[in-house]
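Using the sequences and the accompanying hints, generate a full structural model.
Residue numbers (this note's numbering), protein chains in the order written: chain A, 333 to 464; chain B, 261 to 414.
Derived by calculation from the structure, the hints in this document are not laboratory data. Glycine included, C-beta positions come from ideal geometry on N, C-alpha and C. One thing to keep in mind: the hints can contain errors.
[Stated by the list, open to error] Cross-link-like lysine to aspartate or glutamate pairs, in silico, DMTMM-like; alpha carbons within 25 Å at most:
{"#": "1", "chain 1": "A", "residue 1": "336", "chain 2": "B", "residue 2": "303"}
{"#": "2", "chain 1": "B", "residue 1": "360", "chain 2": "A", "residue 2": "449"}
{"#": "3", "chain 1": "A", "residue 1": "336", "chain 2": "B", "residue 2": "364"}
{"#": "4", "chain 1": "A", "residue 1": "377", "chain 2": "A", "residue 2": "365"}
{"#": "5", "chain 1": "B", "residue 1": "360", "chain 2": "B", "residue 2": "317"}
{"#": "6", "chain 1": "B", "residue 1": "346", "chain 2": "B", "residue 2": "301"}
{"#": "7", "chain 1": "B", "residue 1": "274", "chain 2": "B", "residue 2": "303"}
{"#": "8", "chain 1": "B", "residue 1": "360", "chain 2": "A", "residue 2": "447"}
{"#": "9", "chain 1": "B", "residue 1": "308", "chain 2": "B", "residue 2": "288"}
{"#": "10", "chain 1": "A", "residue 1": "336", "chain 2": "B", "residue 2": "271"}
{"#": "11", "chain 1": "B", "residue 1": "399", "chain 2": "B", "residue 2": "328"}
{"#": "12", "chain 1": "B", "residue 1": "274", "chain 2": "B", "residue 2": "333"}
{"#": "13", "chain 1": "B", "residue 1": "387", "chain 2": "A", "residue 2": "447"}
{"#": "14", "chain 1": "A", "residue 1": "336", "chain 2": "B", "residue 2": "334"}
{"#": "15", "chain 1": "B", "residue 1": "387", "chain 2": "B", "residue 2": "305"}
{"#": "16", "chain 1": "A", "residue 1": "336", "chain 2": "B", "residue 2": "323"}
{"#": "17", "chain 1": "A", "residue 1": "336", "chain 2": "B", "residue 2": "349"}
{"#": "18", "chain 1": "A", "residue 1": "336", "chain 2": "B", "residue 2": "377"}
{"#": "19", "chain 1": "B", "residue 1": "360", "chain 2": "B", "residue 2": "276"}
{"#": "20", "chain 1": "B", "residue 1": "387", "chain 2": "A", "residue 2": "449"}
[To be verified] Derived DEER-like restraints, expressed as beta-carbon distance ranges:
{"#": "21", "chain 1": "B", "residue 1": "261", "chain 2": "A", "residue 2": "384", "range": "47 to 57 Å"}
{"#": "22", "chain 1": "A", "residue 1": "339", "chain 2": "B", "residue 2": "389", "range": "43 to 53 Å"}
{"#": "23", "chain 1": "A", "residue 1": "339", "chain 2": "B", "residue 2": "394", "range": "34 to 44 Å"}
{"#": "24", "chain 1": "A", "residue 1": "339", "chain 2": "B", "residue 2": "395", "range": "51 to 61 Å"}
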Amino acid sequence: MYLKGQNLRVFIGGSVVAEATNCTITITGNTEDVLTKDDVGLFSKDKVTSNGWQVTVDSLNVNDVGTLITTMKSMSPVTISYDQTSTTDNTTAQTAGFHRSGSAYLTDATFTFNDREWSAKNLQFTGTGELN
Amino acid sequence: MSLITDRIFFEALKNDEEIAALCTDTGEAVRIFNPAAPVPDEDLDNVKLPYIVVSFDGMSNEDGTKDDRFEGDEDTVSISITIVEKTRDLLAVLSEKVRKVIPEYFEALENNEEDEELTELIPIQYKLTTGPVTYSPDKPCCFIRMNYSCLTNA
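This is the structure we're talking about:
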């Protein structure tokens, strides 16, 4: 079954990011090279030692610029989740198969105000701890 | 409301005294038409000059956000104003007047706030382009088409 991108939404503290256009979820395995003199050949021998995750979201709603700057300055994590929403109500989390949540820091907030274009924001959250 | 955006362009031209005076003769109706000149195509050469035609050339809905189920909140609407005059010089004068009157009318309407229904038709923004100046030896006449690509509320 195919999922339309429209129905995968990001939530900050339980509230959907309004007027979102795009979102991306990245999970990374951080590796270390554990090659030793016992290993022959020219290839590295990477081992995953930790996992990390990031969530980015773009939105045309810039009404919360002040709140987001405060969040960033506080250097405190927020609860981030992403979830599938139904086709009829596209703002309520379904707590379905796609549902995940965790604590994350707002590590990048970019606001653009271009002449004759809709103002927009891009937010990047970097996870701290597990993505449940 | 974007499907009747041409109406506000038509009102802008009709309500300008200079343009209306140029496009009429004593005792006759003003020759500013919407959506087309009220004659068959084969009789267009018999329409007195100058005349102006305001037409609605199409619309497409803009992509919205994830909050929108089917349609975005804005449309891109194409409006054209075709100006037909006797000579190139007269065409230049009338088309410059038309160009000036459109934004002036929109701003005056926004500041006036009298006609709410009409004010709602004002585009959020527009981009103006024109086609070439064309000469038709059959009539004879010169004409130009001014194309307004308007961003409007859906």
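Here is what the structure says about each hint:
1. 336(A) - 303(B): Given that 25 Å is the threshold and the Cα spacing comes to 53 Å, the pair is violated.
2. 360(B) - 449(A): This hinted pair holds, its Cα atoms lying about 24 Å apart.
3. 336(A) - 364(B): violated, 44 Å
4. 377(A) - 365(A): holds, 5 Å
5. 360(B) - 317(B): holds, 21 Å
6. 346(B) - 301(B): Measuring from Cα to Cα gives roughly 18 Å; hence the hint holds.
7. 274(B) - 303(B): Holds, at about 23 Å.
8. 360(B) - 447(A): holds, 22 Å
9. 308(B) - 288(B): Cα-Cα ~11 Å, so holds.
10. 336(A) - 271(B): Violated - the C-alpha atoms of residue 271(B) and residue 336(A) are around 43 Å apart, more than 25 Å.
11. 399(B) - 328(B): violated, 51 Å
12. 274(B) - 333(B): The hint is violated at about 30 Å.
13. 387(B) - 447(A): Holds. Residue 387(B) to residue 447(A) sits at ~13 Å (cutoff 25 Å).
14. 336(A) - 334(B): Given pair residue 336(A), residue 334(B) holds - Cα atoms ~21 Å apart, limit 25 Å.
15. 387(B) - 305(B): Violated, at roughly 31 Å.
16. 336(A) - 323(B): holds, 14 Å
17. 336(A) - 349(B): violated, 56 Å
18. 336(A) - 377(B): violated, 37 Å
19. 360(B) - 276(B): holds, 11 Å
20. 387(B) - 449(A): Given pair residue 387(B), residue 449(A) holds - Cα atoms ~13 Å apart, limit 25 Å.
21. 261(B) - 384(A): 47 to 57 Å: holds, 49 Å
22. 339(A) - 389(B): 43 to 53 Å: The hinted range 43 to 53 Å is violated for residue 339(A) and residue 389(B), with Cβ atoms some 38 Å apart.
23. 339(A) - 394(B): 34 to 44 Å: violated, 50 Å
24. 339(A) - 395(B): 51 to 61 Å: The hint (51 to 61 Å, Cβ to Cβ) holds, given that residue 339(A) and residue 395(B) are roughly 56 Å apart.
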